[in-house]
Amino acid sequence: MPNPYIPNDTEDSEKRLLEALSIPDVEALFSDIPKEIRLKSSLKIPGPLPEADVKREVESILKKNRTVKDLRVFLGGEVWPHHVPAVVDEVSSRSEFLTSYTPYQPEVSQGILQALFEYQSMICELLEMDAANCSVYDWSSALGEAARMAARITKRYTFIVPHYISPERLTVLKTYAEPTGIRVLKVKQDVKNGEIDLKDLKEKVSRETAAVYVENPSYLGFIVEHVEAVAEIVHDCGGLFVVGVDPTSLGIFRPPGDYGADIVVGEGQPLGNYMNCGGPLLGIMACRGKLSFIRQMPGRMIGMTTTKDGSRRAYCMVLQTREQHIRRERATSNICTNEALCALRAAVYMALLGPEGFRELGENILYKTQYAVKRLSQIEGVRVPLFDAPHFKGFTVNLDGASKTISEVNERLLRRGIVGGKPLRSSFPELGETALYSVTELHKVEDIRALEEGLRKALEEG
Amino acid sequence: MNFGVDSGIYPLGSCTMKYNPKVNEALANLDEVRWVHPDQDESEIQGILEIMYKLASWLAEITGTHAVSLQPAAGAQGELTGVLIIRAYHKLNGELGRRDEIIVPDSAHGTNPASASMAGFKVVVIPSGEDGCVDVEALKEAVSERTAGLMLTNPNTLGIFEEDILEIADIVHEAGGLLYYDGANLNAILGKARPGDMGFDIVHVNLHKTFSTPHGGGGPGAGPVGVKEHLEGFLPVPVVSFDGERYYLNYDLPNSIGRVRSTLGNVGVLVRAFAYILSMGPQGLERAAEVAVLNSNYLARRLSEIRGFTLPYGEKPRKHEFVLSCSVLKSETGVTAKHVAKRLLDYGVHAPTIYFPPIVKEALMIEPTETEPVESLDRLVEAFRSVSEEAYSRPEKVLGSPYNTSVGLVDEVKASSPRTLCITWKMYKDRLRTSERGSR
Chain D
1 MPNPYIPNDT EDSEKRLLEA LSIPDVEALF SDIPKEIRLK SSLKIPGPLP
51 EADVKREVES ILKKNRTVKD LRVFLGGEVW PHHVPAVVDE VSSRSEFLTS
101 YTPYQPEVSQ GILQALFEYQ SMICELLEMD AANCSVYDWS SALGEAARMA
151 ARITKRYTFI VPHYISPERL TVLKTYAEPT GIRVLKVKQD VKNGEIDLKD
201 LKEKVSRETA AVYVENPSYL GFIVEHVEAV AEIVHDCGGL FVVGVDPTSL
251 GIFRPPGDYG ADIVVGEGQP LGNYMNCGGP LLGIMACRGK LSFIRQMPGR
301 MIGMTTTKDG SRRAYCMVLQ TREQHIRRER ATSNICTNEA LCALRAAVYM
351 ALLGPEGFRE LGENILYKTQ YAVKRLSQIE GVRVPLFDAP HFKGFTVNLD
401 GASKTISEVN ERLLRRGIVG GKPLRSSFPE LGETALYSVT ELHKVEDIRA
451 LEEGLRKALE EG
Chain W
1 MNFGVDSGIY PLGSCTMKYN PKVNEALANL DEVRWVHPDQ DESEIQGILE
51 IMYKLASWLA EITGTHAVSL QPAAGAQGEL TGVLIIRAYH KLNGELGRRD
101 EIIVPDSAHG TNPASASMAG FKVVVIPSGE DGCVDVEALK EAVSERTAGL
151 MLTNPNTLGI FEEDILEIAD IVHEAGGLLY YDGANLNAIL GKARPGDMGF
201 DIVHVNLHKT FSTPHGGGGP GAGPVGVKEH LEGFLPVPVV SFDGERYYLN
251 YDLPNSIGRV RSTLGNVGVL VRAFAYILSM GPQGLERAAE VAVLNSNYLA
301 RRLSEIRGFT LPYGEKPRKH EFVLSCSVLK SETGVTAKHV AKRLLDYGVH
351 APTIYFPPIV KEALMIEPTE TEPVESLDRL VEAFRSVSEE AYSRPEKVLG
401 SPYNTSVGLV DEVKASSPRT LCITWKMYKD RLRTSERGSR
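Respectively, the protein sequence lines represent chains D and W. Residue numbers for the first sequence follow our numbering, beginning at 1 and rising by one. Residue numbers for the second sequence follow our numbering, beginning at 1 and rising by one.
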């Protein structure tokens with residue numbers, strides 16, 4: 001039987017093509033590959049399987065996973081469980097979007113171009129920034145790119161990050177930054193409330209400082225309030241202020257553009273994208289409107305223009321001379337394939353919610369966070385949160401006063417169908433037996449109650 | 001309006017725009033993929049880990065490498081990973097300060113020099129020979145004790161197989177460098193030859209090209225990286241391992257370059273590629289390469305017979321793609337590659353990649369893939385023929401195209417000009433306000 005995905009895999013078609021080429025068989029087209037490197041036997045991989053069997057096989061393997069729907073999961077950090085409106089799936093599964101590529105021919109790609117322009121527009125409204133690209137891979141690569149971008153703009157090579165940064169994101173940042181000579185330094189944070197230690201920051205900034213980076217809300221969930229002071233310190237020394245955000249917080253908190261951010265990065269997964277066990281995700285990247293900044297942005301950007309005859313509004317990719325296919329080794333980045341479909345999903349999501357929807361979403365998450373903090377703090381031996389500051393979505397649970405470790409408790413919670421927070425000991429030993437928990441609008445009051453009960457029981461059990 | 005593979009032939013060279021099987025979508029959209037958090041206990045994500053472990057081992061077999069990381073989100077991130085491995089390798093040998101050059105041919109994808117430069121290397125470009133392949137003598141001249149590695153795609157961007165690959169590999173290895181394989185063109189040789197057997201030390205593959213996952217208007221993709229045994233310890237952490245009973249995340253790689261992303265990888269894309277390989281099996285993948293190459297040579301033959309178009313760099317068989325030139329058409333009619341591309345859109349086909357590789361003047365880079373039937377290949381030939389006839393009879397028709405698209409020719413110069421640049425709605429409104437003030 002011919003291969004279902006290879007229409008010319010029939011005798012008739014093959015014969016026609018071979019005759020047109022006056023060759024006896026397809027082997028003639030591979031005769032230039034030296035004999036020594038020709039594969040002598042078939043590849044040792046399974047298949048082929050018919051569609052029904054492929055489905056059965058993959059489904060049976062995937063059944064070994066348990067999902068957020070089977071368990072009460074309180075993990076966050078890099079990705080979070082959020083509601084995905086049905087409209088998002090409907091629009092993004094349109095095969096015109098799904099099966100297209102980078103819109104090199106704008107005349108037949110206005111759909112994806114307009115969607116990505118709207119993504120850039122709405123993300124800038126949300127962040128209160130002027131310009132955005134239409135995605136990089138994830139928050140971590142956005143941060144790496146931001147450090148490189150700041151270094152190009154300032155011609156300085158020190159990038160200062162907060163002490164309480166996601167350890168994974170920090171590793172990626174270093175992977176991206178260090179080969180080009182960018183040094184990553186950490187600034188202290190107040191152990192009481194998580195505020196950036198301004199004294200330490202003042203000592204660390206210098207004429208070498210390309211940028212200072214702050215996350216808001218922080219990786220550990222607390223809000224950093226003195227952001228304007230940080231902005232002032234870095235701007236005074238001639239560096240840039242880079243801010244990392246969770247976009248779901250911006251319906252209720254001030255946007256980074258409002259407190260001096262020059263470059264903003266963040267994770268767009270919560271905007272209509274699934275967790276997908278870690279990807280695809282959506283790296284958000286935005287900057288101020290200065291041309292000198294925009295010219296240093298990595299990745300694709302979509303612009304509004306008109307047709308050549310001026311009769312119609314139209315969209316196309318812009319400033320491609322920044323990019324690898326034109327500028328090659330002098331490009332702002334090597335990125336080519338990005339996360340366009342995730343950006344399109346985010347655009348649909350943002351348009352659905354609107355300003356009111358974002359406010360409601362933010363309030364919902366804020367209430368849930370406060371509720372969880374309040375309930376869990378009532379358990380003896382448990383300190384929630386460690387930092388005396390408002391928290392959003394994420395919060396720390398400390399067990400130094402209890403008789404069990406985080407991993408002992410997590411094991412017991414899992415037996416009750418609850419996935420506890422991520423242990424932080426290896427990254428932040430000074431925080432003791434602490435885990436990072438997270439709640440979103442999807443967590444119900446019953447879930448939080450179940451966590452409270454589970455935690456209590458776990459600590460009581462022998 | 002948006003043109004996708006499902007709309008018609010999308011012969012964008014180097015992009016492998018093949019059909020995206022629908023069953024793979026259905027599987028990647030299951031709750032067991034979508035609603036799983038990567039930090040869940042390993043015991044709760046055994047399904048995902050099993051898929052990742054098996055996919056990595058299959059990709060190692062397909063590419064002739066020893067171990068594969070599934071972390072990179074796209075081909076370019078795979079390249080960065082690979083070049084960082086080259087860097088870490090020389091660093092471990094105490095040679096990083098000295099070995100600061102990566103060699104790339106002038107026909108390379110733009111991502112190659114860009115990735116090398118991102119990893120802190122100087123880029124040394126070597127000119128292609130008269131046959132369009134690596135000029136072995138030029139390579140010998142270029143290598144030195146400063147050589148960190150060579151980045152190459154084989155078949156190259158002209159669609160020609162680099163026959164001297166074993167000699168090329170020897171030259172680079174003898175100079176102390178490593179060989180990097182850009183997997184963008186892997187579709188041509190599936191089951192026929194493996195980069196690992198050609199002497200490449202590091203290989204990336206594009207799951208969104210060779211392994212049929214949808215391109216999504218520009219992404220997401222996935223760019224797994226395979227390495228030979230001596231480089232396994234340099235891979236990003238974690239990799240998925242198997243202890244005979246359970247799959248687990250292995251962080252025990254002594255010389256790891258670190259991470260290139262904070263999570264496991266583009267898992268949704270990995271699931272699709274896994275299902276694709278299961279559907280195809282060894283015979284199916286080899287057949288994909290055969291028919292991709294057959295379709296490509298058929299088109300190369302028929303299109304180069306059309307007036308105004310030539311196939312530079314000789315009659316050697318092409319692989320999955322080929323590069324036409326319309327220099328003759330341009331000098332005889334004034335119609336350029338861009339005009340041809342725009343007029344082709346009127347015929348309901350997508351245009352090829354144009355003006356790449358840079359070594360061909362008025363280049364049209366065409367990759368039909370194995371998933372187009374002969375009827376659609378013929379439709380493309382007829383479209384080219386009509387454009388040629390028009391170019392010679394009434395060139396203004398071609399010069400003014402496209403006519404049959406949702407919008408006419410888009411003003412890309414205006415779009416990028418600093419005075420009219422507008423990349424958000426906010427910038428648009430600001431501009432309107434400024435011009436209103438100006439006209440008052």
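Keep in mind that the hints were calculated from the coordinates and are not lab data. Please note that the accuracy of each hint is not assured.
As the list claims (entries may be wrong) - Result set (BS3-like, lysine-lysine): computed pairs, CA atoms no more than 25 Å apart in a straight line:
(1) W/Lys426 to D/Lys290
(2) D/Lys174 to W/Lys122
(3) D/Lys40 to D/Lys55
(4) W/Lys122 to D/Lys64
(5) D/Lys186 to D/Lys199
(6) W/Lys140 to W/Lys91
(7) D/Lys40 to W/Lys426
Claimed, not checked - Partner residues aside, some chain D positions facing chain W, computed with beta carbon under 8 Å:
(8) Leu17
(9) Ala20
(10) Leu75
(11) Glu96
(12) Glu107
(13) Ala314
(14) Ala331
(15) Ser426
(16) Glu430
To be verified - Residues of chain W placed beyond 12 Å of chain D at every Cβ, according to the derived structure:
(17) Pro21
(18) Glu130
(19) Glu137
(20) Glu141
(21) Asp164
(22) His230
(23) Asp252
(24) Pro254
(25) Gly334
(26) Thr336
(27) Lys361
(28) Glu375
(29) Glu382
(30) Ser386
(31) Lys397
(32) Ser435
Every residue gets a Cβ at the ideal spot worked out from N, C-alpha and C, and that includes glycine.
Structure versus earlier hints - violations, ascending order
As far as the earlier hints go, 3, 4, 7, 15, 16, 17, 21 and 28 are violated by this structure, in ascending order.
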